[in-house]
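**Q** The listed protein sequences correspond, in order, to chains H and B. So in this note's numbering the end of the first sequence lands on 177, straight run, no missing numbers. So in this note's numbering the end of the second sequence lands on 89, straight run, no missing numbers.
Be a bit skeptical, because a hint or two may be false.
As the list claims (entries may be wrong) - Simulated coverage check for chain B against chain H, where a stretch passes if three residues somewhere in it have a Cβ under 8 Å from a Cβ of chain H:
1) 23-30
2) 50-64
3) 69-80
Note that these hints are calculated values from the structure, not bench results. Even glycine gets a Cβ: it sits at the ideal position worked out from N, Cα and C.
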Amino acid sequence: MNNPERFRLLVEPEIPVLLRVARSLTGNSADAEDLVQETLIKAFGALKNFDGANPRAWLLTILRNTAHNVWRKKKPDYVGDWNLLPENKPAFNAETPRSAEEEVLSGVLDPMLAAAVNALAEEFRATLILVDVEGFTYAECAEILGVPIGTIMSRRSRAVAKVRKSLQKAREEAVTK
Amino acid sequence: MKISEVMSMPECHWVRAHLIRYLDRDPSAPLSEEELTRLQTHIAICDKCAAISDEYRETSKALSQFRTQVDQESIERLSNSLKKLTLED
Numbered sequence: 001m002n003n004p005e006r007f008r009l010l011v012e013p014e015i016p017v018l019l020r021v022a023r024s025l026t027g028n029s030a031d032a033e034d035l036v037q038e039t040l041i042k043a044f045g046a047l048k049n050f051d052g053a054n055p056r057a058w059l060l061t062i063l064r065n066t067a068h069n070v071w072r073k074k075k076p077d078y079v080g081d082w083n084l085l086p087e088n089k090p091a092f093n094a095e096t097p098r099s100a101e102e103e104v105l106s107g108v109l110d111p112m113l114a115a116a117v118n119a120l121a122e123e124f125r126a127t128l129i130l131v132d133v134e135g136f137t138y139a140e141c142a143e144i145l146g147v148p149i150g151t152i153m154s155r156r157s158r159a160v161a162k163v164r165k166s167l168q169k170a171r172e173e174a175v176t177k
Numbered sequence: 001m002k003i004s005e006v007m008s009m010p011e012c013h014w015v016r017a018h019l020i021r022y023l024d025r026d027p028s029a030p031l032s033e034e035e036l037t038r039l040q041t042h043i044a045i046c047d048k049c050a051a052i053s054d055e056y057r058e059t060s061k062a063l064s065q066f067r068t069q070v071d072q073e074s075i076e077r078l079s080n081s082l083k084k085l086t087l088e089d
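Isolated chain B (complex conformation) (with noise of 0.2 Å):
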């Protein structure tokens, strides 16, 4: 192991535990101003944690194939019987 890469390893750290708030950007969990810019300078020049940040990247988009479609004729059915809920009261 290079020393390079022992010296980046507490920054590394640091960028995967927060890798996955960068990736989704939830309006729930914002990452700040300066950890936005310290994340991404870091996978600029880190090798290994650009490739994780890519396979996290695939993985969601993988995932996100298998999303099911909702049936519409039970979105008529059920919004069609709250129709009948709210007129009968």
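Just chain H, same shape as in the assembly (with noise of 0.2 Å):
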């Protein structure tokens, strides 16, 4: 491809999922925001080689790679600080608002759960977190951790067996205490 203006109308509506794969990846919105802008820069660069198709898994391979080079240097914990789930508060504008039962029932809930998946070894808790949390597909969530979908598949089903479990033994003990 050959057409700034071609570019610049198939990126910018991945911004969105961009900034979000950053801030998983990087772990606060200043840095996420740099990451964008770098990997904006490097696809640009990289326009010759584009062949048009499928922008979003392009721009996920080069922003990942960009992750590992130069984040990482900065971050080594990089794709794992997921200890900032328990401070996030749910967002306003979630999918399915909570009654007035499940809200008081998420405070007990939501310790236990970030709890479950922060125990997760890092490939178990990138994989759900990218599923669960963030709302990827499979193909990008194995495009932004550069591993098969079948590793993906594997991941994040042993992933949600391993909380269901962790859950289910906080519970138990909540209740003997």
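If you follow the hints, you should be able to join the two separate chains into one complex; please do so.
**A** Right, dumping it as structure tokens:
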């Protein structure tokens, strides 16, 4: 491709997705914006090699490589600093608003859930966060983490099973206290 | 443990291995019609697998509540810088 205007039209709608992934990788909004900025510059520089098909996958690959090369030096624990999870409040415009009862329950359940997720090994945690929290498809998650889709399916399945077991244990312990 | 429970154990194992794909319905990993029927038939009669399916659903729903919102100002700044980048060329 050698058309800057077409490049802009293809890339601009992907900015929110890139920001969400970058936020997951860097752990904060300021670094995420810098990472996306750098990704866009690199993508523009590599425009001649892009055939115009699947811009999201192409951009996510550039973003992952940029994060790997640049951000890893700054933040060795990248793709893994999910400690921010318990501090995150559910989004105001989350798809399904919680009922009053759910709101009360969430005060008890959220810390248990966050602890269960944080107890997972990094590769499982990253997959769970990208698919369940951020809502990426298996294919997008595979692109972001640079692994085959089959690996994502397997990690996701094992991660959910582990979280379920941890929650079950935590609930039983809470009842016996 | 009941004899019927022991008999259904291999099927439970198969169902649990495919449960996430069934719940996610991700386009990259679709189940065949035959697999869907097999899974739904088992969940309808197995209380344990049905309970696990519900727990998976609840866990996934609870996790999605943590989804962070993207800062609109960041989007605008990046859109503007993209515009500059492509116009400069």
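**Q** With reference to the structure, classify each hint as holding or not holding.
**A** We went through each hint and held it up to the structure:
Counting residues of the segment 23-30 of chain B whose beta carbon lies closer than 8 Å to any beta carbon of chain H gives 5, which reaches the threshold of three, so the coverage claim holds. Counting residues of the segment 50-64 of chain B whose CB lies closer than 8 Å to any CB of chain H gives 9, which reaches the minimum of 3, so the coverage claim holds. Taking a C-beta to C-beta cut-off of 8 Å, the segment 69-80 of chain B contributes 8 residues in contact with chain H, enough for the three needed, and the coverage statement holds.
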